[in-house]
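Peer 1: Take a look at the letters that make up each chain.
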Amino acid sequence: MLLREKINLVVPGKFSGRACFSALRAFWRRASDKIRTPSRKDQASLPRGFDQNTCSPELHGLIATLKTVRQRILANTLLRGWTKWSVWLLVGLVAVGAISAKLAGILLFIGILAAVGAAAILVWTWRNRLSNYQSARRLDSAAGLQDRISTAVYLGRLAHPEGMVREQRRDALAHLAKVDPRGFFPVRLPGNVRRASVLVLVVAGLFAYRIHHKPPLVSLLQTTARSQLVQSIFSPIVHAMEKDLQRTIALVTKKPDAAGEEIQRGDAASSSDDLWNASDDKGAGAEDKKDSADAGLGDQPQDELQAPGDQEGAPYGEARQQDSYSQSQEGKSGSDSADSKSQQQSEQQGPEGRQSLGQSLMQALKNMMSNSPNQQSNNRARQQPPNGQGTPQSGNSHQPGATESDKRGESRGSSDAKQKATQTASEGAGSQQGSKELRKDQETHPVNAVPDRVALEASGFKEQTRMKIAPETGVAQLGVREVSPQQDAVINGAEQENILARYRFYVQRYFEHADNGKH
Amino acid sequence: MTRSVGTEGQTGGQPLGQQTEFLAEKMAEVRREISKAIVGQVEVVDGVLIALLAGGHVLLEGAPGLGKTMLVRTLAQAVALKYSRIQFTPDLMPADVIGTSVVQENGDGRKSLGFQPGPIFTNLLLADEINRATPKTQSALLEAMQEKQVTVAHTSHQLEEPFFVMATQNPLEMEGTYPLPEAQLDRFLFKLRVPYPGREDLHDILDRTTQGSPATVSPVVNGTQILEMRKVVRTVPVAPHVQEYVVKLTLATHPENRENLLASKYIRYGSSPRGAQTLILGGKVRALLDGRYNVSMEDIRALMLPALRHRIILNFEAQADGRTPDDLLEEIAGKICAK
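Protein chains in written order, with our numbering: chain A, 1 to 519; chain B, 1 to 339.
List time: in silico DSSO-like cross-link candidates among lysine-lysine, alpha-carbon distance up to 30 Å:
#	chain 1	residue 1	chain 2	residue 2
1	B	Lys26	B	Lys231
2	B	Lys335	A	Lys84
3	B	Lys26	A	Lys178
4	A	Lys84	A	Lys102
5	B	Lys231	B	Lys82
6	A	Lys214	A	Lys102
Sample of chain B residues lacking proximity to chain A, with all beta carbon distances greater than 10 Å (derived):
#	residue
7	Glu25
8	Ala37
9	Val39
10	Gly55
11	Gln87
12	Met93
13	Pro94
14	Thr134
15	Pro135
16	Gln211
17	Arg230
18	Ser264
The hints are simulated quantities; they were obtained by calculation from the structure and are not laboratory data.
Every residue gets a Cβ at the ideal spot worked out from N, C-alpha and C, and that includes glycine.
In isolation and in its complexed conformation, chain B is listed as follows:
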């Protein structure tokens, strides 16, 4: 009946209790460092940190000028990871992302084909305006995001861990863009919406960016520590009723589920099992960041929208009725809670 949770005991050299405390402290420091450059956007920052510790990737969606690229750059500085930025354009080719074989000349003058790694060989990759590249180039990221490797000329090249992709896209300009395919979207752990700042936040932004020099962000955690934290995260236990709630929530997004009339009416394709995995893993990270050692229902509810909103595809009727994935998910979750 019980699963093998929590039997690992310790990860790394420290006791688990200290590791969890370390994790919470370090993430708090990262938040503080990020907040030096980014004003507000607390939920977005938390989502990015949760995805970083859960081992997933993040798709940031927001209007231009809201600090998406700034957030990624600041995070890269705070976590002391190798950082690359690819500006996705319509003429970008897959080889420009993953690398290619080029003729190289040795010291003795002999020539041979050698692999020249692309910008994807990094720890933190910023795929800026990812929807401006063609689907062919977008698909170059598929293997890298899921398998953490790229294959060029029948040779697979492992990517360095931690590998964390943060992509941005602009929801306003649709001309000359290529919407991400479903397979690509499903590989993002979270899709975070970057909101407009409020009044106080806007004052802060103006004060910081128009006076003096920009803030300097110092690194507080490295890649190795992040990998240790990822191991700790996976030991957090989940109670059966919480897991049952996740399963119900995932299945409720399927239009084949006749019990849920809402899904059968408005949803064309429901969430994949990756959605359920995301909820559990994200819940574990959130619990640890909150100082808990178990996943609660509140964690699942809090992560439902970023984890599932890009995994459900609405049908024409939903678009005609002006329904959005967010309000449908809220409604579905409300019905499950009512049961």
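The shape of chain A in the complex, shown without the other chains:
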């Protein structure tokens, strides 16, 4: 029902502020009456509304006694609540005094909090105070009166009782006269008042200390940080972190050539047992020469990535350092390392290293954006499978300069495709090589520094006869005829390489490369 209709019901024909107020008041009364209608359960507890009923004059003394009991219970409840609140505030003060340097504002805040909390506890306790009936029950149980007083209070509104009620009232008053309610309900300090007093002393001492000193917890932390034990524990960690930080700063701020040298030194120092880095460094000169020569003949993206550096006239040594640095970061994945190193390349090939990092990044992003359509079109052209034995794998679809890998039969299992992707991507990223460069690598530099980059020759596998197996659910067959050295298992039409045979072949190739490199 709308408010206007309600107002019309209460005060017909008028809609004023007064009518509105009276309508709201009537609504509130109705709502509160509904709330106050006692159920049988509420009647058992007899809320404070029961106290407002007139009681027999005989029971005035009893009610006065119950008021005393109620006040004492209320006082005890208040003291308990306030003490508990004070304990929490004092704990907060101790924490603030130990930590905070400025106390004025916090002390003001805690003072306000204390006042508000105390008032809230007062209001809450007063609202939940016991009724006469509840006080009588407490008195009954405390004094062992066997519900005499509570029954008398419950029957108290009968002014002139007769029969059993009168006898009961007499009996209750007679028994009440024998007991001392104050003795059963003394006002006593709460149990945690000792804790509160100790905390008061602690807070007083702490704030007296704080008049002339810094926060004790801060001082303690500083002293601890200066101690030899802590320094002996943390100094290696701090040293390593500082070193890393310096290298990062040098990478960002210093000249590209100097940064590259420093990084080289750092890498050599940090991982002296990294044989692959050493071999990369050895072969870096000849390799980079070819890199720089092949750069113009390689993929278009690589050309474009290198174009700014070339246009700016970057020295040859810088490119060499870049290659050596990029080879030192060979643990990263192919595509990521390609992007990051192209960025670094563009940074280092700036105008004498004075170009800012942001400008270099923007330039690299622009290059990537301009290259992506050409790259995609190239990839699409390359994704035509040479024969119908397999589907183009995702690992081959975004490989810059992957023309040779096309020839090697991309339609083999996914593991092979992944290895190729790793190989070609890392090559493209680290040394900026194209397809021709890869061929030269295989001819002139048989030893590859990275085990993952070992070219897995699979040219012979393409011509291997495969078994024609009808794709049947749940049937796995191994080719046993004319399948050497690799065996293919076909499950539901998908080819699975024999991993053990591939691994054996991989290890064999690896040692061949290693022997070639040594000799």
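Chain A is fixed; fit chain B onto it per the hints.
Peer 2: Same frame as chain A, but now just chain B:
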């Protein structure tokens, strides 16, 4: 808000105060008379007296030789009531209990069917070994215990007040017995367990029964006085929180009550409203016997076990776990008090 308690003022010719004093005195005398023949068993005697004044019936359960039959016989002598004893056997028929119509011949030689009352037409009936009779015969007591009347050949015959049934049963011998049906059990106000006597009590029993002549019990109260006392009992006021406690206790025995996991786990059927009535009525009598004019929580707690132990039926899980009605009720009451 207030109920019409205590407005009766006086019952009988005496003021209520005197009546309550009279009641307490007379019951004390009955106790003394019973104690001449029965050694110890204070709780059982109190339970029997409370049931007598509350207008209910008592089922005494105990091993043979503990004085159950002696207690009933002594009580009948002390209260000066008509007393009958029925020894329940498997071949006992309902007509043997309540009576039957027989052909009677008048003085002028004319014959007609007349009702021959059975032993149930008495004030104090001892149904000895009640679980040895068949359920058919046991059921003959149903109407008599609740309605205080029996119906034979479409004719109802009122029983004389006060009508008080005291049944005994032996928990040890189960062979050849018929457990009382739930409807029959529910009609007993209390089920009292007769314990074994202690050391001192056993000495007393030996001294009294093996030396000299048995004690003579003199009547101290009659049926009319008992009926007056029953009226007084009903005027005792009950505070709302005590009544709420009784309601909670009764509802807590119901397995449908999801708040009480204990009842839902172990109890198949909970207490009927008769259980709550028993608690209140018994509490009133107990209060008067204690010299009070109001029912207290202690009265309810004291009467909880005899009033409710035969009204709850345990399920298989309780029997498997070795739970008894008594310990379940104690646990339930403890939880209610904790709340």
